[in-house]
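S.K.: Listed below, chain by chain, are the residues.
There are 2 protein chains.
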Amino acid sequence: MERHFEKDLNELKERLLWMGGLAERAVHQAVQAVLNADEQIAQRVLAEETAINEMQIEIDDRVVHVLALHQLMAVDLRFVLAVSRINNDLERIGDQAVNIAQAAQRILRHPRVKPYVDLPKMSEIVEGMMRDALNALVRRDVVLAQSVLSRDDQVDNLRDQIFRELLTYMMGDSSVVYPAFDLILMAKNLERIGDHATNIAEDVIYFVQGRDVRHPAVDRR
Amino acid sequence: MERHFEKDLNELKERLLWMGGLAERAVHQAVQAVLNADEQIAQRVLAEETAINEMQIEIDDRVVHVLALHQLMAVDLRFVLAVSRINNDLERIGDQAVNIAQAAQRILRHPRVKPYVDLPKMSEIVEGMMRDALNALVRRDVVLAQSVLSRDDQVDNLRDQIFRELLTYMMGDSSVVYPAFDLILMAKNLERIGDHATNIAEDVIYFVQGRDVRHPAVDRR
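Protein chains in written order, with our numbering: chain X, 1 to 221; chain E, 1 to 221.
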């Protein structure tokens, strides 16, 4: 019996990591579609969204299955609940990748306006946060998860800087307002992916330590 | 024993609805802070965020407690998992309300630029979606939940229209770029609140019908 639930929990983790791989790939491809002005890669992101959505449903079904079959202890319950939440975050990361891919398609229709300010740098940090959040999950590595949380401010600062530069650019030349605005939306999408990676890292700390780090200001008993 | 778990599930629902009330109030106040240029209400939203965060942690603790104490059937498991996800959505709605309240504070420092285009209308629809998603939860009302989903496109269209109008406005007068951009960010925040209300409505349908409506394109067995 014990073996049985361990096997189910392991399978659940494996499927979640597979889903994580799909979401990472979607983000990476969507960013490349913008930066390399590559319509084909943008199309691929849109085509592959279904796989992420199917995986989300499969994982939610497995979560219900595991909880219905086994009376788990608190530590394992926290793990299963974290999987359920991380599953949601990964699906929403996939949605953000789709938004970026669609922005890429719009941007391709305009003449290229300008180097993409700090968007490549912001993408790199956000992709690193996703990768490390998933690695922290695999290794139950709280230190790595903490390092993801600590990068969130950096992402917010880069976003503000990108906003400022693009708004200044728009003020100087009203003909670039629309393409520059698509880059602003891309920065918003990347910020949101960083938020989801942060949520995943918080969930890893939650299930490893049984400690909630989401609201440090709240007095925890 | 049976009574016992029903009592726990009911308490869980009551607390979630209390949290829903806090989130609704935060959104309503944040929107009023912008539309009425009211610094005091903006401050109140920031002060009340802690209560939402504390409630999120309490509800997550209750979810673990209920699952640890009772071996639930699939229908009740789906309800508890939905509560856990809705709890997350409500907390993130609270975050969006904080963002809007902070935008209100920035906007107050600029001279008032223009009537707020369709932002009052968009706010009204989004607040209605939240209210009805929570009412659908109380009444297990799938038809009402469906009506929330059907409003999502309307919100996206309003958002696009608000973007277009504000961008045109910015193109005509570069001195309004910053205050107009804060209104654009507010439209993004409202859109995201609408997304969370949609997620809540989907979760209501999921636990009432045992049917996943999140990805209609996916072939469900």
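Treat the hints as calculated values from the structure; they're not laboratory data.
Glycine included, every Cβ here is placed at the ideal spot set by N, Cα and C.
Possibly wrong hints are sitting among the right ones.
Sample of chain X residues with no beta-carbon within 10 Å of chain E, all distances over it, derived [stated by the list, open to error]: (1) Pro120; (2) Asp132; (3) Met171.
Per the computed footprint, the stretches of chain X lying under chain E, defined by three or more beta-carbons under 8 Å from a beta-carbon of chain E, are [what the hints assert, rightly or not]: (4) 9-15; (5) 64-78; (6) 149-156; (7) 163-170.
S.K.: Against the earlier hints, flag every one the structure doesn't satisfy and list their numbers going up.
M.R.: Result: hints 3, 4, 6 break, sorted rising.
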